[in-house]
Amino acid sequence: MAAVEEASKTFSKKLSWLVASENRRTAVIVLLWSLAIATSYVQALVQRAYMTLFDYGLVLIICFVAGAIIMDVGRALLGYVAAIAVGTILLTVVLIYPATSNLIPYPGDILIPSLWVTVIFTAIFPFPFIGYLVATIVGAAVGERYF
Amino acid sequence: MLFAKTSRRNQLTILFAAATLVLLIIATVGTVNYYQFYPAISQIQASITSLQTSLVPDNMGGYALEVKVAFSTGNPTSYNGLFMKHFESTYDVMAIFSPTSNETFTGGAMTYNAASGLLNPGNTVSIVYPSFNATGDASQAASNPQTKMEFIFHIDFVLSSFLDKVTMVIPSYDCTGSSGSSECVQTGITIVTTPGGSGGGGGGGGGV
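Residue numbers (our numbering), protein chains in the order written: chain A, 1 to 147; chain B, 1 to 208.
Misleading hints may appear alongside valid ones.
Okay, derived cross-link-like pairs now, DSS-like style, lysine-lysine, Cα gap no bigger than 25 angstroms in a straight line [claimed, not checked]:
#1 A/Lys14 - B/Lys85
#2 B/Lys148 - B/Lys165
#3 B/Lys68 - B/Lys148
#4 A/Lys13 - B/Lys5
#5 B/Lys165 - B/Lys85
#6 A/Lys9 - B/Lys85
None of these hints come from the bench; they were simulated from the model.
Next comes chain A alone, as it looks inside the complex (with noise of 0.2 angstroms):
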């Protein structure tokens, strides 16, 4: 029982590191903030290459989250633009990689990888890409307001 509330605080402790400035606990959660978009699209768009309204909803509570962690509306937007820009690129990555591969034959290697810039393209603007901003700003009003 001792050894358990001794292991948890010392976790506690290098968690409490990770939070310990407001840089650090913005990087951490920017960090966090582009895993959970592109984790969030990854799954959606290899299962039916499209974003349902659930998707779109659980990125939108992402960004609320994240926001009202960060609890300040300047620095939310700048790790919004971040999150949102880290995602975008390890969500391409993620999608494209295989399909570079030499098994699909030319011009198919060409035009699926093209198809998956127009889907996550269409996937993230005009009106989500907004949507989470927003979302974002009132998270972090809320942040403000609330901790």
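Since chain A is already given, all that's left is putting chain B on it; use the hints.
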């Protein structure tokens, strides 16, 4: 216990990290399957499971070459999520008179076949054609017992997949055989962007 003592902001951070981890696991499962998609469409197997030919008297006093053929398709990879639909085939008949002399007769399109089915790992879909008479020239050539007849079936089928909203995947094969069973060789994969989807222009195939 410690979780309850920590601030609400830190609690939310921990929950956020946990949710990201859950999403990561879900996405990884889907991605592992997705990474098998391209090997799957390039390795989908097609074969002639049975090919029987016989000369039967026709109502013009001659002979007709009656053909009975069945195909099968299978997925040798571990990819889940492929469905075979719209199987189509055309055929040619090659009459081999001697090792140095042959003639190919164009047979044309075979009748529509409504066979379809899931191509999950281990599944095979059978496509059985009702017997049909080969083109008249081929029947004439086949009536000579010295002539060896060989059939070349050009098959293609539409694969339904998670990409249905943006593209159709159509692998093509050439199957050659004179009787019994034989494997087909994939000759290309056609990628066609779906009307109304978010894709651009058409796609093409190519030799594999």
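Results of checking the hints against the structure:
1. Pair hint lysine 14 of chain A plus lysine 85 of chain B does not hold up; C-alpha atoms about 55 angstroms apart against a cutoff of 25 angstroms.
2. This hinted pair does not check out: lysine 148 of chain B and lysine 165 of chain B have alpha carbons roughly 46 angstroms apart, beyond 25 angstroms.
3. A hinted pair counts as satisfied when its Cα atoms are at most 25 angstroms apart, and lysine 68 of chain B with lysine 148 of chain B qualifies at roughly 17 angstroms.
4. For the hint linking lysine 13 of chain A to lysine 5 of chain B, the alpha-carbon distance of about 13 angstroms falls within 25 angstroms, and the restraint holds.
5. Taken as a hint, the lysine 165 of chain B and lysine 85 of chain B pair is honoured in the structure, with Cα atoms around 15 angstroms apart against an allowance of 25 angstroms.
6. At roughly 58 angstroms between alpha-carbon atoms, lysine 9 of chain A and lysine 85 of chain B are farther apart than 25 angstroms, so this suggested pair is violated.
Hint check: violations occur at hints 1, 2, 6; the rest are consistent with the structure.
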